[in-house]
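Letter by letter, the chains look like this.
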Amino acid sequence: MLHTINTSPFESPAMEECIRFVQPGDPVLFIENGVYAVQNGNRFTDAIAALQKTSPVFALQPDLDARGISSVAPGVEGIGYDGFVDLVEAHQVNSWL
Amino acid sequence: MEDNVKKIMHVMRRAPHGSIYTYEGLEMILIMAAYEQDLSIAFIGDGVYALKKNQNTEGISMKGFAKTFMALDGYDVEKLYVDRVSLAERGLTEDDLLVDVELLDSAEIGRRMSEQDVVIHH
Chain A
2 MLHTINTSPF
12 ESPAMEECIR
22 FVQPGDPVLF
32 IENGVYAVQN
42 GNRFTDAIAA
52 LQKTSPVFAL
62 QPDLDARGIS
72 SVAPGVEGIG
82 YDGFVDLVEA
92 HQVNSWL
Chain B
2 MEDNVKKIMH
12 VMRRAPHGSI
22 YTYEGLEMIL
32 IMAAYEQDLS
42 IAFIGDGVYA
52 LKKNQNTEGI
62 SMKGFAKTFM
72 ALDGYDVEKL
82 YVDRVSLAER
92 GLTEDDLLVD
102 VELLDSAEIG
112 RRMSEQDVVI
122 HH
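If you read the protein sequences in the order shown, they are chains A and B.
Residue numbers for the first sequence follow the numbering used here, beginning at 2 and rising by one.
Residue numbers for the second sequence follow the numbering used here, beginning at 2 and rising by one.
Just chain A, with the same shape it has in the complex:
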């Protein structure tokens, strides 16, 4: 199951809630304002590192670019719209709106 998060973790508990329910191996993709979660050095960097022990973590590159985020937490992979489509094709989507 692919989990997508589209709200800033500073604004919404969506990311922290999502992390509790993610099954090991489930990919997590940050989109829209959700990408603020993976800006390197913020207070969620440790949470992102812990999440990556069991799940691959992605962020939508155009959303990172739009927000001027050039340094992401270690291990987080920036993907384009084509990568987004690949993930959606491979998994059921669970959108944490």
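It should be emphasised that the hints constitute simulated quantities derived from the structure, not laboratory data.
Be careful, since some hints might not be right.
Beta-carbon label-pair distances, calculated as ranges [stated by the list, open to error]:
hint : chain 1 : residue 1 : chain 2 : residue 2 : range
1    : A       : N43       : B       : G92       : 23 to 33 Å
2    : A       : P25       : B       : K54       : 31 to 41 Å
3    : A       : P75       : B       : T58       : 46 to 56 Å
4    : B       : Q56       : A       : F11       : 28 to 38 Å
5    : B       : E25       : A       : G69       : 33 to 43 Å
Glycine residues also receive a C-beta, built at the ideal position from the N, C-alpha and C atoms.
Given chain A's structure and the hints, the job is docking chain B onto it.
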């Protein structure tokens, strides 16, 4: 006919009266129940507040819909899951809730989530 039945989980994540999400979610659940889908509802985060006993919305001029959750078993919606952590961190226990629910760990709710055809957050 069996092929038309999907496993659908509704995830209630917001407190009931600050936005329209919970009420609209409940409406959606009732509509889907009319189509005899395999429904479940998970209450996590502030979503657990929707089930709090003794809600009286008269003073805020809003329709109270907490009691509608009590009517769900009449629509064969009987799988109500509450996240144990979300309840505990709000200082609530099962006795504070209007309806009988299954109190589950996050990992178990997560496992049931992953079994669904569709997961809809409210």
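### Structure versus earlier hints - violations, ascending order
Checked against the structure, no hint fails, so every one of them is satisfied.
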